[in-house]
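Novice: Model the full structure from these sequences, guided by the hints.
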Amino acid sequence: MRDQIDDLQRRVSKEIEEAGTLAELDEVRIKYLGKKGELTNLLKAVGSLPKEERPEFGAKVNSLREAIETGLREKSGYLDRKALDEKVRREVADVTLPGNLPEIGSLHPITKALREIVQIFYGMGFTVYESREAETDEMNFVKLNLAPGHPARDAQDTLYLTDTTLLRTHTSPGQIRGMLEMEGRLPVRFIVPGRVYRRDPFDASHSPVFHQVEGLVIDRHITFEDLKGCFLEFARGFFGPDTQIRLRPSYFPFTEPSAEIDVSCTICRGRGCQVCSRTGWLELSGAGMVHPRVIRNGGYDPEEVTGFAFGFGLDRAAMLKWGIDDLRVLFENDLRFLTQFEGL
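Sequential numbering of the sequence shown, starting at 1, is according to our numbering.
No lab work stands behind these hints, which were simulated from the structure alone. Take these hints with a grain of salt, some might be off.
[What the hints assert, rightly or not] List time: in silico DSBU-like cross-link candidates among lysine-lysine, alpha-carbon distance up to 35 Å: (1) 31 x 44; (2) 14 x 44; (3) 87 x 75; (4) 112 x 44; (5) 75 x 35; (6) 228 x 112; (7) 36 x 14; (8) 228 x 321; (9) 87 x 112; (10) 36 x 75; (11) 75 x 60; (12) 82 x 36; (13) 321 x 112; (14) 35 x 82; (15) 112 x 75; (16) 51 x 82; (17) 75 x 44; (18) 60 x 31; (19) 14 x 82.
[To be verified] Computed beta-carbon distance windows for the label pairs: (20) 206 x 147: 22 to 30 Å; (21) 293 x 335: 42 to 50 Å; (22) 183 x 335: 16 to 24 Å.
Glycine included, every Cβ here is placed at the ideal spot set by N, Cα and C.
Specialist: Right, here's the structure in full:
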């Protein structure tokens with residue numbers, strides 16, 4: 001038995017030394033330490049020895065097992081290091097080559113436009129009021145002087161969630177909510193940016209989801225001239241210092257008198273081109289003096305205060321500013337389009 005142990009130790013040591021790969025080394029482990037391995041069989045033979053020889057034999061077998069496990073572990077570490085060294089030699093990196101830098105993102109044109117607009121109105125003393133997108137029928141229509149039979153309340157134009165709840169069709173409900181939160185304090189001067197929803201197709205000039213910016217000023221002695229001056233200041237800050245505006249009579253239930261506001265064409269600068277249909281003007285906003293009923297619904301007395309309001313499409317403003325002719329590109333997330341706005 002002692003000769004068997006010595007012979008086994010010599011063979012194991014030789015085979016561990018000759019193993020050139022981890023796979024070959026694993027074969028050695030299985031051959032000697034596996035369930036049917038030679039060392040395992042020696043342990044099973046302990047029972048056939050005289051009782052007085054068993055302790056010494058068992059101790060030698062266990063000592064041999066520990067020696068084999070140590071030899072396998074050391075050789076495995078050596079082979080791991082060798083494989084890594086070979087991999088490094090095969091994949092030598094040229095540290096002088098430039099790295100692959102990740103692409104740097106840029107702000108979406110809608111975000112850029114909104115930030116510019118907010119800064120312009122901050123400069124005129126406005127604040128930003130964040131209003132809700134899911135609105136009540138009362139706030140979206142009734143409080144804004146839109147009678148029950150008004151076409152805008154038709155289910156074909158409005159996305160109703162329940163009989164009395166809907167996705168806001170304009171940012172104008174923010175006027176009422178903002179005034180109510182002011183609790184009669186003056187002046188009221190804020191803008192309401194945000195998404196609005198309509199039952200519109202998705203094409204070059206329409207979208208079921210788009211962005212608006214609402215503006216409201218309430219104070220004593222506010223006139224139509226204040227509205228004109230405020231919007232001209234915005235237009236020149238956003239489109240350029242040479243921008244002109246014109247106001248055309250119009251009708252909105254929540255303002256009286258009402259106007260459509262056009263800006264001089266951002267392409268031809270008012271000289272006339274295909275974009276402006278040779279008129280030199282581009283329609284941008286609806287506006288007017290806040291209707292007395294709307295002022296009262298906001299918690300103010302129309303006998304003591306007046307105000308003006310305006311609202312325009314943020315998407316359209318961005319399209320006019322940067323000469324974009326298709327609304328859809330603002331929603332398609334095509335990096336070839338979006339990267340054009342880096343640094344603007």
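Novice: Against this structure, judge whether each hint is valid.
Specialist: Each hint tested on the structure:
1. 31 x 44: Roughly 16 Å separates the two Cα atoms, so the pair holds.
2. 14 x 44: 24 Å, holds
3. 87 x 75: 18 Å, holds
4. 112 x 44: Violated, at about 80 Å.
5. 75 x 35: Since the Cα atoms of residue 75 and residue 35 sit roughly 22 Å apart, the hinted pair holds (cutoff 35 Å).
6. 228 x 112: 25 Å, holds
7. 36 x 14: Roughly 20 Å separates the two Cα atoms, so the pair holds.
8. 228 x 321: 20 Å, holds
9. 87 x 112: 48 Å, violated
10. 36 x 75: Roughly 22 Å separates the two Cα atoms, so the pair holds.
11. 75 x 60: 22 Å, holds
12. 82 x 36: Measuring from Cα to Cα gives roughly 31 Å; hence the hint holds.
13. 321 x 112: 11 Å, holds
14. 35 x 82: With a Cα-Cα distance of about 30 Å, the restraint between residue 35 and residue 82 holds, given a limit of 35 Å.
15. 112 x 75: The given pair, whose Cα atoms are some 62 Å apart, is violated under the 35 Å limit.
16. 51 x 82: The hint is violated at about 47 Å.
17. 75 x 44: 28 Å, holds
18. 60 x 31: Roughly 19 Å between the alpha carbons, so the hint for residue 60 and residue 31 holds.
19. 14 x 82: With Cα atoms ~19 Å apart, residue 14 and residue 82 stay inside 35 Å; holds.
20. 206 x 147: 22 to 30 Å: The hint (22 to 30 Å, Cβ to Cβ) holds, given that residue 206 and residue 147 are roughly 26 Å apart.
21. 293 x 335: 42 to 50 Å: Since residue 293 and residue 335 have Cβ atoms about 48 Å apart, the given range 42 to 50 Å holds.
22. 183 x 335: 16 to 24 Å: Given range 16 to 24 Å: violated, Cβ gap about 47 Å.
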